[in-house]
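Number of protein chains: 2
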Amino acid sequence: MSKGRVLSIQSHVAFGYVGGKAAVFPLQCLGYDVDVVNTVNFSNHSGYGRFGGPRATAAELTSIFDIMDRNALLWPERLLTGYIPGGEALSAVLSLVRKLREKNPELIYLLDPVLGDSGKLYVSPDVIPIYRAMLPLSTIITPNWFEVEVLTDVKMTDLASLRQALRILHEEHHVPNVVISSIPLRRWLLEALPPAARPPAADLDGDFLLSIASSAADAARGARPSVVHARHVTCLPGYFSGVGDLFSALVVGHFHSAPPPPCAGASVLSYAVAQALSKTHAILSMTHEYAAALPEEDRLPTDEELDGVDPERKIRRMKGRELRLIQGQDVLRAHATEEMYVWNGFWDQ
Amino acid sequence: MSKGRVLSIQSHVAFGYVGGKAAVFPLQCLGYDVDVVNTVNFSNHSGYGRFGGPRATAAELTSIFDIMDRNALLWPERLLTGYIPGGEALSAVLSLVRKLREKNPELIYLLDPVLGDSGKLYVSPDVIPIYRAMLPLSTIITPNWFEVEVLTDVKMTDLASLRQALRILHEEHHVPNVVISSIPLRRWLLEALPPAARPPAADLDGDFLLSIASSAADAARGARPSVVHARHVTCLPGYFSGVGDLFSALVVGHFHSAPPPPCAGASVLSYAVAQALSKTHAILSMTHEYAAALPEEDRLPTDEELDGVDPERKIRRMKGRELRLIQGQDVLRAHATEEMYVWNGFWDQ
Numbered sequence: 000m001s002k003g004r005v006l007s008i009q010s011h012v013a014f015g016y017v018g019g020k021a022a023v024f025p026l027q028c029l030g031y032d033v034d035v036v037n038t039v040n041f042s043n044h045s046g047y048g049r050f051g052g053p054r055a056t057a058a059e060l061t062s063i064f065d066i067m068d069r070n071a072l073l074w075p076e077r078l079l080t081g082y083i084p085g086g087e088a089l090s091a092v093l094s095l096v097r098k099l100r101e102k103n104p105e106l107i108y109l110l111d112p113v114l115g116d117s118g119k120l121y122v123s124p125d126v127i128p129i130y131r132a133m134l135p136l137s138t139i140i141t142p143n144w145f146e147v148e149v150l151t152d153v154k155m156t157d158l159a160s161l162r163q164a165l166r167i168l169h170e171e172h173h174v175p176n177v178v179i180s181s182i183p184l185r186r187w188l189l190e191a192l193p194p195a196a197r198p199p200a201a202d203l204d205g206d207f208l209l210s211i212a213s214s215a216a217d218a219a220r221g222a223r224p225s226v227v228h229a230r231h232v233t234c235l236p237g238y239f240s241g242v243g244d245l246f247s248a249l250v251v252g253h254f255h256s257a258p259p260p261p262c263a264g265a266s267v268l269s270y271a272v273a274q275a276l277s278k279t280h281a282i283l284s285m286t287h288e289y290a291a292a293l294p295e296e297d298r299l300p301t302d303e304e305l306d307g308v309d310p311e312r313k314i315r316r317m318k319g320r321e322l323r324l325i326q327g328q329d330v331l332r333a334h335a336t337e338e339m340y341v342w343n344g345f346w347d348q
Numbered sequence: 000m001s002k003g004r005v006l007s008i009q010s011h012v013a014f015g016y017v018g019g020k021a022a023v024f025p026l027q028c029l030g031y032d033v034d035v036v037n038t039v040n041f042s043n044h045s046g047y048g049r050f051g052g053p054r055a056t057a058a059e060l061t062s063i064f065d066i067m068d069r070n071a072l073l074w075p076e077r078l079l080t081g082y083i084p085g086g087e088a089l090s091a092v093l094s095l096v097r098k099l100r101e102k103n104p105e106l107i108y109l110l111d112p113v114l115g116d117s118g119k120l121y122v123s124p125d126v127i128p129i130y131r132a133m134l135p136l137s138t139i140i141t142p143n144w145f146e147v148e149v150l151t152d153v154k155m156t157d158l159a160s161l162r163q164a165l166r167i168l169h170e171e172h173h174v175p176n177v178v179i180s181s182i183p184l185r186r187w188l189l190e191a192l193p194p195a196a197r198p199p200a201a202d203l204d205g206d207f208l209l210s211i212a213s214s215a216a217d218a219a220r221g222a223r224p225s226v227v228h229a230r231h232v233t234c235l236p237g238y239f240s241g242v243g244d245l246f247s248a249l250v251v252g253h254f255h256s257a258p259p260p261p262c263a264g265a266s267v268l269s270y271a272v273a274q275a276l277s278k279t280h281a282i283l284s285m286t287h288e289y290a291a292a293l294p295e296e297d298r299l300p301t302d303e304e305l306d307g308v309d310p311e312r313k314i315r316r317m318k319g320r321e322l323r324l325i326q327g328q329d330v331l332r333a334h335a336t337e338e339m340y341v342w343n344g345f346w347d348q
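These protein sequence lines are chains S and U, in that order. Numbering (numbering that gives the first Met the number 0) for the first sequence: 0 to 348. Numbering (numbering that gives the first Met the number 0) for the second sequence: 0 to 348.
So that you can see chain S by itself, here it is in the shape it has in the complex (with noise of 0.2 Å):
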């Protein structure tokens, strides 16, 4: 079980799961050897309302990823980068990216640009550019719908427009692998999806969210402009934090260049794809369950109001919503049999 390096870079807190500690242990899990540089060391995630502790500066990045090149140990396989705070941080992680795509133009490398979620921005607005000069030298890229929104500077509302993000990753950024990591299932994308890949019984927005693997690399398969697959999850109540990163880490565990079990109509993405999805809602799913059974006072509900005036009572829903990484641990090192749906004609007008 050697499965080579993934060098991670992102952010670092003492408790808790989001950033590397969401992400280097399942890695570490399926077999890989990570290679860990903390963009900042807090003490918690920020949905604590307190946190802290010191940033990496840019100067101090690039001094350890130069001192790691200068010792020979800048030779991953895969790269996996999160969350960077701050756009001269990011232009140094921008350098490392460009040199290690020059030195291993077979390097995987899973780009997550993390920008906000449900229409907010929470990052400085200076780092989109940086993003963007990021996609050409990406494999793959995991951001949700709003930061395909706000990448592409296209509102997704209905088919077309959703085409018409993804032709601007693929085309215009030179992304092969584009995964929109979760979208709402609303009504215009509920009617567009093939009907094997629809729920059950979706009758309302809001219930499910929809996972979208879009591979133009697959060259092999002569899709134009991409083959694309989809499958959904439920969603589950309440926000609970570290899931995107998760997500990422799982999908550039699981992309092999070698075919996948032989499945129908699978891609070496879509397999990706559906095992990390399958893992990390089953993760999600035990976080949620563990989180239901706690004493009252410690699930009360989202409530901005009263989080205001009893910050406690937001500490308190934070701490029994981290992610149960380690108590799932079997679930991640399992082989997962769900698979995604192939889009076929979603390029079709």
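Treat the hints as calculated values from the structure; they're not laboratory data. There could be a bad hint or two in this list.
Identical copies go unnamed one by one, so any copy, or any two together, can satisfy a pair.
No farther apart than 30 Å at their CA atoms in a straight line, the calculated lysine-lysine pairs in the DSSO-like style are these [to be verified]: (1) Lys154 <-> Lys119; (2) Lys318 <-> Lys2; (3) Lys119 <-> Lys318; (4) Lys2 <-> Lys102.
Go by the hints and put chain U onto chain S.
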């Protein structure tokens, strides 16, 4: 599978396995949620010759502990501290340990007093009195023979001085559980060992290392001043980094207040040390085999003169000798069957 939380405070390296990188993954494999505070964020360990990255200041560490405390995130059942650079940072950790011990008298605190090895200090001497002040707060300590000598001011050259060193640690410094992680099995020590604990054909100094576990905590056994166990391991050629960090993590992870599976003469401590010894030695053997199978230029023997002329020589050797933790994770998760030997009559004059 939920064994509670360990707070681990030690160094971090991006590449390779020392400090937290050697300790955290094994504890996670054993089922612990690990809270990880990084005292430094280095590129790689210092054995490579070239290394660097930011160190957390005492103020930064204190701030992280303080925020965690105010967020009610400072309730670990176990605490593990390893390499901490410099007196100021160590003093910040000492304050934290005092607070945790006061909040939770049941806290299991494993203190690895990282001072040096093989007769050489590799920390600044100002940390020695701080480590001495930490001793009475610990549950278990895991010094190597040199660190025992530095902490007690006793040279261990015969059974009487070994007894004296252990007595000082238990009685003057009030350490309930002392583990001498390794001491060369010289003739005086070999001859003092109970016959069952001797290696089958040990006739040369330096072929074997001995681990000694001395528990004065196990009051039910009515032992005065302590129950002593020992076990030898074969000494593998060359130097491997991070071994002590892995060993200490496994000791704290296997130290259970409930008695271990019944085996004649085992104590809670000797059970934990036996598990840690077996697993550490298995990982070391895998690492040694891996290193021995590398191309010749990656396994050049230690030669300070040649290393000085060609630093790449040392780097290649170090890289090939990083612990095979990921590849050996099944060993970490499994139950080891070996035990330690009871050293009956250890305290008899």
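The hints, checked one at a time:
For a Cα distance limit of 30 Å, the shortest separation of Lys154 from Lys119 inside one copy, 14 Å, qualifies, whereas the shortest one across copies, 64 Å, does not. For the identical chains of this complex, Lys318 and Lys2 are inter-copy neighbours only, at 17 Å across copies versus 33 Å inside a copy, given an alpha-carbon limit of 30 Å. Taking CA atoms no more than 30 Å apart as the test, Lys119 paired with Lys318 passes inside one copy only; the shortest distance there is 23 Å, against 44 Å between copies. Proximity of Lys2 and Lys102 under a CA criterion of 30 Å is satisfied intra-copy only: 20 Å inside one chain copy versus 43 Å between copies.
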